[in-house]
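*Asks:* Sequence:
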Amino acid sequence: PAISAFLPGVIVIVFLLCFTSFAVVLTLGGGPSATTIEVAIYQALRFEFDPGQAAVLALAQLLLCTCIAVLLIRWLRVVTPTPGRKRDPRARPDASMRLGKILDSGAIILCSLFVFAPIAALVLAGLRGPVVSVILDTGLWQAAARSLGIAVTATSVSAVMAFGLATTARFLMLERKQHRAKELTLLIGSLTLAFPPMVIGTGLFLIALQIQLVGNVTLLMIALVNAVMVLPYLLRSITPVLISSGQQYQRLCAQLGLGGWQRFRRIDWPMIRKPAAFALALGGALSFGDMGVAALFDTTGHITLPVTLYHRMSAYRFDEAAVTALVLVLMCVALFWILDRSLSRCPS
Numbered sequence: 001p002a003i004s005a006f007l008p009g010v011i012v013i014v015f016l017l018c019f020t021s022f023a024v025v026l027t028l029g030g031g032p033s034a035t036t037i038e039v040a041i042y043q044a045l046r047f048e049f050d051p052g053q054a055a056v057l058a059l060a061q062l063l064l065c066t067c068i069a070v071l072l073i074r075w076l077r078v079v080t081p082t083p084g085r086k087r088d089p090r091a092r093p094d095a096s097m098r099l100g101k102i103l104d105s106g107a108i109i110l111c112s113l114f115v116f117a118p119i120a121a122l123v124l125a126g127l128r129g130p131v132v133s134v135i136l137d138t139g140l141w142q143a144a145a146r147s148l149g150i151a152v153t154a155t156s157v158s159a160v161m162a163f164g165l166a167t168t169a170r171f172l173m174l175e176r177k178q179h180r181a182k183e184l185t186l187l188i189g190s191l192t193l194a195f196p197p198m199v200i201g202t203g204l205f206l207i208a209l210q211i212q213l214v215g216n217v218t219l220l221m222i223a224l225v226n227a228v229m230v231l232p233y234l235l236r237s238i239t240p241v242l243i244s245s246g247q248q249y250q251r252l253c254a255q256l257g258l259g260g261w262q263r264f265r266r267i268d269w270p271m272i273r274k275p276a277a278f279a280l281a282l283g284g285a286l287s288f289g290d291m292g293v294a295a296l297f298d299t300t301g302h303i304t305l306p307v308t309l310y311h312r313m314s315a316y317r318f319d320e321a322a323v324t325a326l327v328l329v330l331m332c333v334a335l336f337w338i339l340d341r342s343l344s345r346c347p348s
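Residue numbers for the sequence shown follow the UniProt record's numbering, beginning at 1 and rising by one.
It should be emphasised that the hints constitute simulated quantities derived from the structure, not laboratory data.
Ideal Cβ positions, reconstructed from N, Cα and C, are used throughout, including at glycine.
Warning: the hint list may mix true and false statements.
[Said to hold, decoys possible] Now the in silico label distances, taken between C-beta atoms and shown as ranges:
(1) Arg-98 - Val-152: 46 to 56 Å
(2) Ile-3 - Gln-248: 21 to 31 Å
(3) Met-97 - Pro-8: 39 to 49 Å
(4) Val-132 - Arg-345: 29 to 39 Å
(5) Ala-315 - Gln-262: 53 to 63 Å
(6) Arg-98 - Arg-265: 44 to 54 Å
(7) Leu-113 - Lys-177: 43 to 53 Å
(8) Ile-102 - Arg-266: 41 to 51 Å
(9) Trp-261 - Ser-344: 18 to 28 Å
(10) Gln-248 - Leu-59: 28 to 38 Å
(11) Asp-50 - Pro-270: 46 to 56 Å
(12) Trp-261 - Ala-107: 27 to 37 Å
(13) Leu-220 - Ala-120: 46 to 56 Å
Required output: the full structure, derived from the provided sequences and hints.
*Replies:* Encoded structure:
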């Protein structure tokens, strides 16, 4: 009962992420029979350089995703808190039963093997590879620096958009009593899940191609697409807490005349600090490790660290690719840890 309101939304998010998957399909290959629409868009722009075909494929993907979003729209909304009786988190019928413990242990072990077995294999392969030569490669660190710049920019832009949408939704709900408008505002941020980053990137690529700015604004366009990509996660993390803050302190803020920056610093930030820190750290790690849009705009083979990894795998330089992948994983984990720790401890 406690997760029944959230479970459909989680299932829909996982479905849309799998439906619009690009990096895994491109990396593993499989020939024409395993090609998805997103990979076909990439091939049309990168190998055939046929913007017309890419535009048609992007429109087809957009139409298909829109139809899916319309069918699943009721589960894409952000669930906001409602007052009511709190359930005891320990009230689980099989908590003390032996069968429940066995099932829980089995599920945890299977999930751990599924997640950590590939990582363990990657670590072993990376440590056996040419670690010194790869680490001394200046191109690797230049790509890592560009990835870091993209991640920081994307996370910052996405944080501004998420807080703006969440604050607007809170105002519509508590001040104007317009619940439908609030739901629509939050839905706008969540609908980006239904629009694949490759489709948005294709549109930006075609615009930049027309005005001959592909090489000049590449990193900015990648950052903007990544900002849209991580927006739903930030929105779902801070909106419930922000609305709960408004429900508790709306009258107090009105009496004290707190608004704008002062309200955010004294009231909102202390409440949303931890969930916002986790969401921003997750968004930064996702942007740092994303390959989809960066591969579309790549002209050198070393635009970002994930693209560098992909090109080394494509060239069958698997030993170097293993070391590069290990560096990528370590940097993603480090970025997540630094953002989460620093922001969660950031004073109001």
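*Asks:* Given the range 27 to 37 Å, decide if the beta-carbon distance of Trp-261 to Ala-107 lies inside it.
*Replies:* Given about 46 Å between the Cβ atoms, the range is violated.
*Asks:* Given the hint of 41 to 51 Å, check if Ile-102 and Arg-266 actually sit that far apart at their C-beta atoms.
*Replies:* holds, 49 Å
*Asks:* Do the beta carbons of Arg-98 and Val-152 sit within 46 to 56 Å of each other?
*Replies:* holds, 49 Å
*Asks:* Taking 53 to 63 Å as the hint, is the beta-carbon distance of Ala-315 and Gln-262 inside that range?
*Replies:* The hinted range 53 to 63 Å holds for Ala-315 and Gln-262, with Cβ atoms some 56 Å apart.
*Asks:* Range hint 18 to 28 Å: satisfied by the CB atoms of Trp-261 and Ser-344?
*Replies:* Distance hint for Trp-261, Ser-344 holds at roughly 21 Å.
*Asks:* Return holds or violated for the Cβ distance of Gln-248 and Leu-59 against the range 28 to 38 Å.
*Replies:* violated, 46 Å
*Asks:* For the pair Arg-98 and Arg-265, does the Cβ-Cβ distance stay inside 44 to 54 Å?
*Replies:* Holds - the Cβ-Cβ distance for Arg-98 and Arg-265, about 51 Å, lies within 44 to 54 Å.
*Asks:* Tell me if the beta carbons of Asp-50 and Pro-270 are separated by a distance inside 46 to 56 Å.
*Replies:* holds, 53 Å
*Asks:* Return holds or violated for the Cβ distance of Ile-3 and Gln-248 against the range 21 to 31 Å.
*Replies:* holds, 23 Å
*Asks:* Within 43 to 53 Å or not, the Cβ separation of Leu-113 and Lys-177?
*Replies:* The hint (43 to 53 Å, Cβ to Cβ) holds, given that Leu-113 and Lys-177 are roughly 50 Å apart.
*Asks:* Falls inside 46 to 56 Å, the C-beta gap from Leu-220 to Ala-120?
*Replies:* violated, 37 Å
*Asks:* Is 39 to 49 Å right for how far apart the beta carbons of Met-97 and Pro-8 are?
*Replies:* violated, 28 Å
Comparing the model with each earlier hint shows violations of hints 3, 10, 12, 13; every other hint is respected.
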